[in-house]
Amino acid sequence: PIAAIAFDRPAAAVDGNVERVVSRLYAIETPIPAARPEIRRLAETLVPAKRPGDFAQAVMDLGATLCTPKRPACALCPWMQPCRARAEGLQETFPRKVKKVAGQLRRGAAFVVLRAGDDAVLLRTRPPEGLLGSMAEPPTSEWRADYDPAQALLDAPLDARWKRLPGIVRHVFTHFPLELTVFLARVAAGTPAPEGMRFTPRAGLEAEPLPGAMKKVLAHALEQKLAAPPPALTPRPEPDLATPPEPEPPPRRAPLPKVLSRRPAAAAPVVKTTGRGRPKGG
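Numbering follows the working numbering, with no gaps: position 164 of the sequence shown is 183.
No lab work stands behind these hints: they were computed from the structure. Note that CB positions come from ideal geometry on N, CA and C, so glycine has one too. Heads up, some of the hints might be wrong.
[Stated by the list, open to error] Heads up, simulated PhoX-like pairs for lysine-lysine below, C-alpha to C-alpha not over 20 angstroms straight-line:
{"#": "1", "residue 1": "LYS182", "residue 2": "LYS235"}
{"#": "2", "residue 1": "LYS116", "residue 2": "LYS89"}
{"#": "3", "residue 1": "LYS89", "residue 2": "LYS118"}
[As the list claims (entries may be wrong)] Cβ pair distances, simulated, as ranges:
{"#": "4", "residue 1": "ASP165", "residue 2": "GLN100", "range": "56 to 66 angstroms"}
{"#": "5", "residue 1": "LEU150", "residue 2": "GLN170", "range": "20 to 30 angstroms"}
{"#": "6", "residue 1": "ASP73", "residue 2": "PRO101", "range": "14 to 24 angstroms"}
{"#": "7", "residue 1": "GLY215", "residue 2": "ARG55", "range": "30 to 40 angstroms"}
{"#": "8", "residue 1": "ALA68", "residue 2": "ASP34", "range": "44 to 54 angstroms"}
All chains should be built: construct the whole structure from the sequences, respecting the hints.
Spelled out as structure tokens, the structure:
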């Protein structure tokens with residue numbers, strides 16, 4: 020894409036959008052990724068001698084806006100007439116993809132060893148032949164459909180105090196799904212690696228050729244290691260049974276509300292009278 024767009028050279032720019040356009044235009048039956056050499060060869064035959072950079076950008080835009088993975092706008096496409104996939108009514112089925120075979124579930128165990136002092140991780144290299152050939156991994160057991168995690172420690176790479184971590188690491192390969200039970204152990208500083216294995220510092224793990232499944236295993240184990248412990252609970256003091264507790268003072272009563280007292284009414288003056296009912300006096 021750089022040669023065609025930046026320098027306007029007659030070169031095919033092939034990205035995911037161009038792969039979709041070309042595979043539909045020619046109805047290429049070979050699935051991706053095996054079809055990529057054929058797609059590039061056909062894309063190069065389409066590049067014009069004049070303004071190849073504009074053409075490369077136009078084809079990429081065509082795939083991004085009209086020739087989309089789902090519901091392509093074929094009626095607006097400038098290549099609607101020569102498009103073989105559209106003529107067959109199968110445009111949404113291109114480019115072809117490899118069908119995944121759903122195999123039987125396999126199980127196994129993975130053993131993550133952390134060494135004190137340098138916090139290095141125990142790794143080994145898988146055999147060059149077979150699945151994940153020559154790639155790095157923490158030691159694992161066999162992957163079988165009838166694997167019993169209860170017997171996993173028989174496959175441990177060394178004697179240590181192994182802790183079975185909660186949860187399961189799941190990964191799906193092309194032909195089968197995999198479930199791994201993860202065990203974690205810490206060994207003393209200076210512990211040598213078993214034969215055929217090596218301790219790799221944590222900082223050097225990115226340089227190791229770890230497949231996706233093993234990256235999940237290490238992430239699961241290191242996440243458990245770095246998890247903060249729960250806060251300690253402060254114990255309540257035990258009562259001293261030798262000394263009897265002091266009695267608690269009685270609860271204070273609330274003061275009674277004040278009642279306004281009523282003043283007694285003044286007594287009426289006593290008036291002495293004579294026998295005739297007239298007041299005595301001068």
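Notebook entry, point to check: Between ASP73 and PRO101, is the Cβ distance one that fits in 14 to 24 angstroms?
Noted result: With Cβ atoms ~20 angstroms apart, the hint holds.
Notebook entry, point to check: Under the criterion that the straight-line Cα-Cα distance not exceed 20 angstroms, is the pair LYS182, LYS235 satisfied?
Noted result: holds (18 angstroms)
Next item on the list: Using the beta carbons of LEU150 and GLN170, state whether their distance is inside 20 to 30 angstroms or not.
Entry: holds (23 angstroms)
Note to self: For a C-alpha distance cap of 20 angstroms, please report whether LYS89 and LYS118 respect it.
What the structure shows: holds (18 angstroms)
Next item on the list: With 56 to 66 angstroms as the target window, see if ASP165 and GLN100 comply at their CB atoms.
Entry: Once the Cβ atoms are compared, 58 angstroms apart, the range 56 to 66 angstroms for GLN100 and ASP165 holds.
Margin query: Tell me if the beta carbons of ALA68 and ASP34 are separated by a distance inside 44 to 54 angstroms.
Written below: violated (22 angstroms)
Checklist line | Whether the CB-CB distance between GLY215 and ARG55 falls inside 30 to 40 angstroms | finding: For GLY215 and ARG55 the Cβ distance comes to about 37 angstroms; the hint holds.
Check: Regarding the pair LYS116 and LYS89, is the alpha-carbon distance no greater than 20 angstroms?
Finding: The hint holds at about 15 angstroms.
Violated hints amount to a single one, hint 8; each of the other numbered hints is respected by the structure.
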